[in-house]
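S.K.: Listed below are the residues making up each chain.
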Amino acid sequence: MPGWDWNAFGRYLISGYLLEGAWTTIWLSVVVMVLGLLLGLVAAIMNMSKSPVLQGIAKFYLWIMRGTPLLVQLIIIYTGLPQIGIRLNVVQSALLGLSLNEGAYLSEIIRAGILSVPKGQFDAARALGMDSSTLMRVIVLPQAARVMIPPLGNNFNGLLKTTSITSVISMEELLRRGQMLIQVEFRVLEIFVVAALYYLVMITLWGMVQRRLEAHYGRSVAPATTTERRSTVAPDSGNGEGAATAVERREMEHDLR
Amino acid sequence: MREPVKQTPGTDPTQPVVEAEDVHKYFGSLHVLRGVGMEVQRGEVIVLIGPSGSGKSTLLRCLNHLEKLDRGRILVNGHPMGYREVNGRRVELREREVAKQRRDVGMVFQQFNLFPHLTALENITAGPIHVLQRKKEEAEAQARQLLEMVGLPFKAHAYPAQLSGGQQQRIAIARALAMNPTLMLFDEPTSALDPEMITEVLDVMLKLSDQGMTMIVVTHEMGFAKAAADRIIFMDEGRLVEEAPATQFFANPRHERTRQFLSKILH
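Here the protein sequences line up with chains A and B, keeping their order. Read in our numbering, the first sequence has 227 at position 191, and its numbers run on one by one without any break. Read in our numbering, the second sequence has 1154 at position 123, and its numbers run on one by one without any break.
In short, the hints are calculated from the structure, not lab data. A couple of the hints might just be wrong.
In silico PhoX-like cross-links for lysine-lysine, where the CA-CA straight-line distance does not exceed 20 angstroms [claimed, not checked]: (1) A:K155 <-> B:K1257; (2) B:K1167 <-> A:K86; (3) B:K1166 <-> B:K1131; (4) B:K1167 <-> B:K1186; (5) B:K1238 <-> B:K1257; (6) B:K1131 <-> B:K1099.
Pulled out of the complex, with its shape left as it was, chain B reads as follows:
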């Protein structure tokens, strides 16, 4: 077992962003994650695929402690996420400390989850102002840059209900980026979108990967996987079944389960 390195994130490029070991998660009697281990390096883009119910979303939610672990551990930038270890035993951190850890991990949801009572600009500045205690002007200047980046500079004062699904999801990405996270999690970011809006969201994600963002993406968009993924991980029944670089993964899947799944989603 490695000792967690005490350092500020981003200072050591060789420090993996995510290290997961033997992660188990139950929902009641349902064993959702059955010993997941993975390592993600800085700047890597990981695409996580698998049938529904295979535990992809749960794994993602464990990575920022929206779900508690039942066993194992997850290090983000070298720090155990949501827990500290006292004499080899896991003790859950206090809510305030977990909140602090989550600042480093951005998350984008299938249903966008924009704050409906706030404008696009206020959605993006909510984190910097209320969590990082930034000045309003400073946060807004950054938010406008992010709006520019996601291609919505003229929607600053629109409310979510006035935006299309694709626009809402791009605002949601900007909202997560406003915290300057070292890791971005995408939980089926295009699954709730009409087909013609999927590309505009994927384009933003491609741009982000080009900028070197570390990303873990749960998606069924194989075009995106081929274009952006460094590695593709196939998950089934709570386990990581197979992982490989994108080209190899599609050309040469090793496991029968992977082949079956690919034949279903690639037409």
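Chain A extracted, bound-state conformation:
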């Protein structure tokens, strides 16, 4: 086998076959993020509820999802469940496994976000006659968003790459497509370098989107001055610091996953 082949590399770089794989990676990540956010919001609210039953369910869910490797979860769902009569196809298994897993991690970010909103905000909203869902939607979540967006964006960054794990259940995302192409073309280095470049492009584009989102959600609290982002945390949020550390801890967990 000769060395590096620029021609082959160029061919793979514009290969529709690999591009399709990259597209699968993108839509899979987006759908999983949306489902994960919904799951995470429900789990976070259950986790903070006064009912021990709801709290128990939420804690059990987090314990299972964060206590076992995603790889094991995916294999159980795709390969194990048919044994007891639950048959999910590849796409369904990938969506279910990733969303359940992601939801558990996102719920902790959402919880930290909600906890970062000062208690006085809840009092003021309740005193106006808001019920819990209005209070969450109009007052709490928009404020929590400012704290949540950086770690959520970080999570989505991780998710774009984590989807490659679904290649083991033959989900034809970018990595799997690369592996399949290698079986025909035998050019391991060129193909994997192209796949890596695709991931880099996706991550870079997402980074730009994330910066815009952060600017958007930081906007209303930041006065027209150009103060540091850190200092724009609401002046009365005594627990802003605690939330930040919770979020940082969370980010570390994600990296170790």
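Chain A is already provided as a structure; the job is to place chain B on it using the hints.
M.R.: Just chain B now, with coordinates in the frame of chain A:
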């Protein structure tokens, strides 16, 4: 025991706005309210004073059910606040029903608690739009009148972080008034303000009392108490120790505890 009268608030001027009977509240083993009873008539301004930890703020928070009662009952406009009575037993109302009851009671906090992600105008319209389901234009028209009333017509689009403490508190008063409450609760509204900003807030409150608003005010501003209070209530260790019309209260305090407290805050 009186039966709660079923009626819309405001129709009967003789119906007391607040009736509290034997209200008890514990925080863990701490007995914060020890049998408080009070009655507030429509249009009355009550100033509640007392040393810190005497239960003033807790009483205020019980009046709109931000705190649950451990015993006793509170009627607002004739309706038990936060509870209904089933065969003589108290059952806490569902959250949604409590929320509905709170519309009638405005509250102003020591720390303002404006919503930092909303402009002054949006702070004021949040309640009417999201709770009363008013149309946006309608709510904004009312909000502009309220901004005028609190003397901040040009701050509609400012965010709380861009306003001084006194301005924030005046917006907070406007926000509470936007719900057209029958009762306004003020929890040390000027305690977090720099001295030069206290007057602008008190002026708005005086204006409000002149308009006939029913108000319960926890404050140490004795100037305001003398100018606006119909009655002053002195609270200590979870009990109402003494209550009297303002002039009488300062000239002739009956209880030793009251005299001690007054000597500390009047120089």
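S.K.: Taking the hints in turn, state whether each one holds.
M.R.: Okay, the hints, checked on the actual structure:
no.	hint	result
1	A:K155 <-> B:K1257	33 angstroms, violated
2	B:K1167 <-> A:K86	35 angstroms, violated
3	B:K1166 <-> B:K1131	19 angstroms, holds
4	B:K1167 <-> B:K1186	18 angstroms, holds
5	B:K1238 <-> B:K1257	15 angstroms, holds
6	B:K1131 <-> B:K1099	16 angstroms, holds
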